Amino acid sequence: AQSVTQLGSHVSVSEGALVLLRCNYSSSVPPYLFWYVQYPNQGLQLLLKYTSAATLVKGINGFEAEFKKSETSFHLTKPSAHMSDAAEYFCAVSVPNTGFQKLVFGTGTRLLVSP
Amino acid sequence: ETGVTQTPRHLVMGMTNKKSLKCEQHLGHNAMYWYKQSAKKPLELMFVYSLEERVENNSVPSRFSPECPNSSHLFLHLHTLQPEDSALYLCASSQGGTGQGDTQYFGPGTRLTVL
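Listed in order, the protein sequences are those of chains U and P. Once you know that position 82 of the first sequence is 82 in this note's numbering, the rest is easy, because the numbers rise by one and skip nothing. Once you know that position 41 of the second sequence is 41 in this note's numbering, the rest is easy, because the numbers rise by one and skip nothing.
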């Protein structure tokens, strides 16, 4: 069965520091993987997605993620954190053969950015 | 309006009340979703509609009743809820079909409190 695990419910960084949010997946078939961000009092917004093309995926707001099959990972990074990056981040994997897009989400990682 | 809208944004109801949540998408999508977001738990998929036909009912109690009158509107009718049903209810839409690589677009959610 498809699943994702996000290590660390909270990650704290200083403004300007590297952001690294971890996601490991389990999938019986080549996966489709997603990172979504949720700002306070808002819904989720897609940051980026891996759909079996390039393994390094660039998203919005300077974020990128690298698909590593050997490590079953899809970690999210940003070279330099900004205060506006403070939010909750969700990794998700798509379940195949359902006739519609069914996503399984991780429990989320809250990113805290200090000045 | 653009994107996915949800009303009301906040709702407080007693266990014997009947209320409805409304979702509207202005993106021309064919699939719509209801999710439940509770603290410290992954997003839970509740219902999926594809071309106005319900294609997923994820073991949701019958006190939640969805309705999709057309591809732009989705409702969640609530009755005799329990306090543990208090959560953020998110609506999403996507292009539809079997595209695992689809992007889901989320509304801002309805914060529901059951007293």
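The set of hints was computed from the structure by calculation and includes no laboratory data. Quick caveat, the model's predicted, so the values are computed rather than measured. All C-beta atoms, glycine included, are put in the ideal place defined by N, C-alpha and C. Take these hints with a grain of salt, some might be off.
Said to hold, decoys possible - What follows is a set of in silico ranges between Cβ atoms, one per label pair, in the way DEER data are often shown:
| no. | chain 1 | residue 1 | chain 2 | residue 2 | range |
| --- | --- | --- | --- | --- | --- |
| 1 | P | Val55 | U | Thr77 | 30 to 38 angstroms |
| 2 | U | Asn97 | P | Leu115 | 37 to 45 angstroms |
| 3 | U | Leu18 | P | Asn17 | 22 to 30 angstroms |
Claimed, not checked - Partial list, computed: chain P residues near chain U (C-beta under 10 angstroms):
| no. | residue |
| --- | --- |
| 4 | Tyr33 |
| 5 | Lys40 |
| 6 | Val55 |
| 7 | Val60 |
| 8 | Pro61 |
| 9 | Ala87 |
| 10 | Arg111 |
To be verified - Distance condition first, Cα-Cα at most 16 angstroms in a straight line; then the derived EDC-like pairs of lysine to aspartate or glutamate:
| no. | chain 1 | residue 1 | chain 2 | residue 2 |
| --- | --- | --- | --- | --- |
| 11 | U | Lys102 | P | Asp85 |
| 12 | U | Lys102 | P | Glu44 |
| 13 | P | Lys40 | P | Glu67 |
| 14 | P | Lys41 | U | Glu88 |
| 15 | P | Lys40 | U | Glu71 |
Results of checking the hints against the structure:
1. P:Val55 with U:Thr77: 30 to 38 angstroms: Roughly 35 angstroms apart at Cβ, these two residues keep to the hinted range, so it holds.
2. U:Asn97 with P:Leu115: 37 to 45 angstroms: holds (42 angstroms)
3. U:Leu18 with P:Asn17: 22 to 30 angstroms: violated (49 angstroms)
4. Tyr33: Since the shortest Cβ distance to chain U is 9 angstroms, the answer is holds.
5. Lys40: holds (7 angstroms)
6. Val55: holds (5 angstroms)
7. Val60: At 14 angstroms from the nearest chain U Cβ, Val60 of chain P fails the 10 angstroms test, so the hint is violated.
8. Pro61: Interface hint status for Pro61 of chain P: violated (20 angstroms vs cutoff 10 angstroms).
9. Ala87: Check failed: Cβ of Ala87 of chain P comes no nearer than 14 angstroms to chain U, outside 10 angstroms.
10. Arg111: holds (8 angstroms)
11. U:Lys102 with P:Asp85: violated (22 angstroms)
12. U:Lys102 with P:Glu44: OK: Lys102 of chain U and Glu44 of chain P at ~11 angstroms, within 16 angstroms.
13. P:Lys40 with P:Glu67: Cα-Cα ~28 angstroms, so violated.
14. P:Lys41 with U:Glu88: OK: Lys41 of chain P and Glu88 of chain U at ~13 angstroms, within 16 angstroms.
15. P:Lys40 with U:Glu71: violated (26 angstroms)
Hint violations for this structure: numbers 3, 7, 8, 9, 11, 13 and 15, all remaining hints satisfied.
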